[in-house]
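Q: Here are the chains, one letter per residue:
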Amino acid sequence: MVSPEDEIIRKRQRERARIMALLLGAFVVLLFFITIAKIGINW
Amino acid sequence: MTSGALPSQAATLPADWRDLLALTKPRVMSLVVFSGLCGMLAAPLLPPLALGFTAILCIALGAGGCGALNQWYEAEIDAKMRRTARRPLPAGRMDRQTALHFGVGLSVFSVLLMGLATNWLAAALLAVSILFYVFVYTVWLKPRTAQNIVIGGAAGAFPPLIGWVAATGRIDTLPLLLFAIIFLWTPPHFWALSLFVRSDYAAAGIPMLPVVSGIAHTRRQIFLYSLPMAAVAVAPWPMGLTGPVYGIAAGVLSLGFVALAAAVLVNRAAEPARMAPEKRLFAYSVIYLFALFGALVADRLLAW
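Protein sequence lines, in the order shown, are assigned to chains A and E.
Residue numbering for the first sequence follows my numbering, beginning at 173 and increasing consecutively.
Residue numbering for the second sequence follows my numbering, beginning at 6 and increasing consecutively.
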């Protein structure tokens, strides 16, 4: 039996984990484009 | 810093992501991002899209970090003011350590990413602006002197300079003038607000100018500051740094600002309900800065 407080904690943890995953994915994509841009400048 | 006698019901709950977002003061951030973007677009050479985007992202993250650290430090003061009492910390929806870690993390990350993606001069300026806002303005000046906004305004003046430096790698006259415009714009903008929320500041013990020196003195100062601000706003045109599109827009917008500041000067009301000129000036000052920087970019785009 999960208490209402545990339910809130898990809901928030799930939401934050989802957002963190999205942000990390976006960061990887951003690093990729930064790298391509830097290579372009150095040519 | 004052130690925490804030509501602690949320201490055991992980912070909601919406409250973390609120810590970054998104509305303030929008003006910071806009002025930073305009500083970059006004530069004579533009960086590749990915680097330009990253520079603006870093300015936004740095501003967000400042907002979080400001709210972490001022949580107890915020609890005493109606305007700020519903923020995540005074409302007890988040523990202080989360806000501190979030603010420091955002700030450090923004500076490192700026340095790696653009150049280290822009990163150094971003670091200086964050440190200035947190230590010089929030910790040192704001609780101590009525000049807090005058000197502390420098922190908010950095974004266009950072945007320009991120694009060019150097500091020139025009971004320094943009810095000066925001520096001189900040006191009348905040003093107009502090006139009609004076009781809030007084209750929280913040020595804003109307609390320390009175309403009439603040109104005079608002008008006096609007004059050099208008002069500096127009200056880039006669100095040959911009074209007539910016010059005329700056002239018209600044005339409007000075006219509204004059209306504040002649107002004699002491009750917030009768401070329509102050409220008008505060609202206009936000539009003024958006329009002025927008005109700068339009001027550049038309020149290309």
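The hints are simulated quantities; they were obtained by calculation from the structure and are not laboratory data.
Each residue gets a CB set at the ideal place from its N, CA and C atoms; glycine is no exception.
A portion of the hints provided could be inaccurate.
As the list claims (entries may be wrong) - Straight-line alpha carbon distances no greater than 20 Å define the calculated EDC-like cross-link-like pairs of lysine to aspartate or glutamate that follow: (1) E:Lys85 / E:Asp205; (2) E:Lys147 / E:Asp100; (3) A:Lys183 / E:Glu81; (4) E:Lys85 / E:Asp100; (5) A:Lys183 / E:Asp205; (6) E:Lys284 / E:Asp205; (7) E:Lys85 / E:Asp21; (8) E:Lys30 / E:Asp100; (9) A:Lys183 / E:Asp24.
As the list claims (entries may be wrong) - Computed footprint of chain E on chain A, listed as stretches where at least three residues anywhere in the stretch have a Cβ under 8 Å from a Cβ of chain E: (10) 176-189; (11) 195-207.
Claimed, not checked - Pairwise CB distance ranges (calculated): (12) A:Ile211 / E:Val109: 25 to 35 Å; (13) E:Val217 / A:Val201: 45 to 55 Å; (14) E:Gly174 / A:Gln185: 20 to 30 Å.
Q: Now, for every hint given, state plainly whether the structure supports it.
A: Hint-by-hint comparison with the structure:
Our distance criterion of 20 Å between C-alpha atoms is met by E:Lys85 and E:Asp205, whose separation comes to about 8 Å. Between E:Lys147 and E:Asp100 the alpha-carbon distance is near 23 Å, which puts this suggested pair outside the 20 Å criterion. For the proposed pair A:Lys183 and E:Glu81, the alpha carbon gap of about 29 Å is over 20 Å, so the pair is violated. In summary, the hint linking E:Lys85 to E:Asp100 is supported, as the alpha carbons are separated by about 18 Å, within the 20 Å threshold.
With a C-alpha separation of about 36 Å, the suggested pairing of A:Lys183 with E:Asp205 is violated against the 20 Å cut-off. For the hint linking E:Lys284 to E:Asp205, the alpha-carbon distance of about 16 Å falls within 20 Å, and the restraint holds. Under the criterion of a C-alpha separation no larger than 20 Å, the hint pairing E:Lys85 with E:Asp21 is inconsistent with the structure, at around 23 Å. Between E:Lys30 and E:Asp100 the alpha-carbon distance is near 17 Å, which keeps this suggested pair within the 20 Å criterion.
About 15 Å separates the Cα atoms of A:Lys183 and E:Asp24, which keeps this hinted pair within 20 Å; it holds. Remark: the region 176-189 of chain A is confirmed as covered by chain E, as 7 of its residues place a Cβ nearer than 8 Å to a Cβ of that chain, reaching the required three. Restraint check on the region 195-207 of chain A versus chain E: 3 residues with Cβ-Cβ distances below 8 Å, three needed, restraint holds. As the Cβ distance of A:Ile211 to E:Val109 is approximately 32 Å, the hint placing it in 25 to 35 Å holds.
Under the hint 45 to 55 Å, the C-beta atoms of E:Val217 and A:Val201, about 50 Å apart, fit the expected range. Judged by the Cβ atoms, the range 20 to 30 Å given for E:Gly174 and A:Gln185 is violated: they are separated by roughly 43 Å.
Checked against the numbered hints given earlier, the structure breaks hints 2, 3, 5, 7, 14 and satisfies all the rest.
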